[in-house]
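In the order they appear, the protein sequences are chains A and B.
All residue numbers for the first sequence refer to my numbering, where the first residue is 1 and numbers rise by one.
All residue numbers for the second sequence refer to my numbering, where the first residue is 1001 and numbers rise by one.
Because the hints were derived from the structure by calculation, they are not lab data.
The structure presented is a predicted model; accordingly, all values stated were derived computationally and were not measured.
Honestly, I wouldn't trust all of these hints.
[Said to hold, decoys possible] Below, simulated DSS-like cross-link-like pairs (lysine-lysine); rule was C-alpha separation at most 25 angstroms, straight line:
#1 A/K344 with A/K461
#2 A/K317 with B/K1089
#3 B/K1092 with A/K38
[To be verified] Interface residues of chain B toward chain A, partial, derived using beta-carbon atoms under 8 angstroms:
#4 L1006
#5 Y1021
#6 V1070
#7 K1092
Every residue gets a Cβ at the ideal spot worked out from N, C-alpha and C, and that includes glycine.
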Amino acid sequence: MTQIKICVIHVHLRLIMQTYFIEFSYLLASILFILGLKGLSHPETAKRGMHLAEFGMLMAIVGTLMHHEIVTYTWILIGLAIGSVVGLAMGVWVPMTAMPQRTALSHAFGAFAAALVGISEFFKHGGHLEPVMMGALGFEVMLGALTTTGSLLAFAKLQGLVRGTPMTYKGQNIFNMTLLAVTVGIFIYLIVVPGSMPLFFTMVGLAFIFGLLLVMPIGSADMPVVMSLLNSYAGLASAATGFVLSNKVLIIAGTLDGFSGFILSILMCRAMNRSITNVLFGAFGSAATAGAAGEQQGSMREVGLEDIATQLAYANKVIFVPGYGLATAQAQHAVRELADVLEKRGVTVKYGIHPVAGRMPGHMNVLLAEANVPYSALYELEQINPEFPTTDVAVVIGANDVVNPDARDNPGSPIAGMPILEVDRSKSVVVLKRGQGKGFSGLENPLFFKPVTGMLYGDAKDTLTRLVQAVQHA
Amino acid sequence: MTHETLISALYVFALAAFLGYQVISRVPPLLHTPLMSATNAISGISLVGSIVTAGANYSTVSTILGVIAVACSTTNVVGGFVITDRMLKMFKRKEIAKKE
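Make the full structure from the sequences, and use the hints.
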C-alpha cells in the first residue's frame, strides 16, 4: 500500500517537474522570439537576433518532446524528418527572385498546419466543445483553411502557373459576401448548438473555397498587400491554435506574426494610397483600364544605347529605380556591375526603392543585396525624392506605376494620390522596358511621353550588360 | 477551457499584440522581406501543438492529421530560418560589400 502511494507521489512529482520544464522552455522561447524580432531593427544586429530566435525554437521543441501525453515518437520523427528535408531544400535552393512565391507557399503550410490541428482537436472531443473553445477553434480552422487556399492561389499567380490578371465576374462581391455570411452563420450555430460533424466540415470546406475567391480578383501589382494580409491571417490562425491548446508561446508567436503582417499590409496600402477594402474588393485592373486618362500627348522617344552610355559616363549623380521587371529579367547583378563601372569613374550612384516595387514588401532590397549592393546605397521613397532635381540621369528598370507622374498630377487617375518616385524631376530619365506595352495595372504612363524621357527597349539584363561595356569605352 | 485560462490567454494576446506593434514598427523597409520570412519561421512554433497531436495516440485520424501538420510546420521552421539567415548574410555595409 505504502509502496503504491510512494509510486503515485513519485509519478505526480515527475509530472509537475515535466510541466515546469516545458513551460520554462516556452517562456524562454517567447523571450528569445521577441529579442530576435527586435534585432531586425538594424541589418547589423539582425543575424544575431535570428540566432537567438532559432535557439528559442529549438528549446520549445525539446520541451514539447517531454510532453506526458506523447506515447510514440515514430510519427513525430517521420513528420520532423520530412519537414526538415523539404524546408532545407527550399531554404538552400530557392533563388532570391522567387522569394515571393516561397513566402506564399510557407503561409499556406503554416495555415494548413493550424487548420489540421484544429480539425484534430475537434475530433478528439467528438465535436462537443464548450462555446469558448469552439469559438477559438472555429477561428483557427476558418482562418487556417482560407489562408491555405488563398496562399496557394497567390503562389500559383506569382509562379506564373495561373495568369496574374484579376479574375472577375458579375456579382462577385455579393457572391463572396454571401458565402462568408453562410460560413460565419454555421460557425455561430456550432458555438450555440455543438456537436454537428457535417456542419463543421461544411464550414471548413466553405472556408477553403472562400480563400480562393478572396485572392481570385486580385492582380499581380497588388500582391504586396495580399502577401502581407495572408501573413497576418496565418499568424492569427496560429494564435487561435494557442487559445485552443491553452499554449502561451503559440499565442505570443502567432500574435507577433499576425501583427507583423497587419502592420505590413497597412504600410503597403499607404504606399498605394488605397484602403485594404479597396484592394480586396476593388478588382483594380479591370476598373483601371476603363478610367485611364484619355489621349496621350506626344510620342515615346527611343534612344540609342551609346547615347545613354555617354550620358551615364559623364554624369555626376545617377539614381537607379528598380521594379518587378528587374526580378523577372534577373538583372540585379547587371545593375551592380553598371554601378561599379560608374562609381569607378567618380559618378555617385544611389538606388530609389518604392515600398510596393516588386511582389512583396522589401523584395527589391533583398534582390539588390544579393547582387552585393551595400544597403547604405538603398534609399527609401522619402529620402530619395528630394534628390531627383539634382540628379543627372534616373534609370528606371522594369518599374512602371511607382514612377507614374499621373498619381501626382492627375486627380482623375485610378492611382491618384499614390506616393511615387519623382524621377521626372531629374535632368534626364532612361526607361528600360521589355516592350511598348502597358504595365501590370494596364495604365498609360505619361512619364514615357515626356521630353526628358528616353526609352530603351529590350531585356533589362541584356541592355544593362551592353551598357556596362559601352560605358567602359566611353 | 476555464474562464481563468481564457482571461489569462487574452492578457497574453493583448500584451503580445502591443509588444509586436512596438517591435515591428521599428523594422526598416530594407528588412521587410527577412521580417516576413522570420515571423513565418517563428509562427512555425505551431509545431509544438502538432507534435503532441501526432504523438499522443488520440485516434488514427488525429495521428495522420498530426503528422501532416508536423511536416508542414517543420518545413516552415527550417525553411524560414535558413532563408532568413541566407538573406541577412547578403545585407552588407559599404566597405565589406566593396571587398567582395
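Each hint tested on the structure:
no., hint, result
1, A/K344 with A/K461, "holds (21 angstroms)"
2, A/K317 with B/K1089, "violated (28 angstroms)"
3, B/K1092 with A/K38, "holds (19 angstroms)"
4, L1006, "holds (5 angstroms)"
5, Y1021, "holds (6 angstroms)"
6, V1070, "holds (3 angstroms)"
7, K1092, "holds (6 angstroms)"
Consistency with the previously given hints fails for number 2 only.
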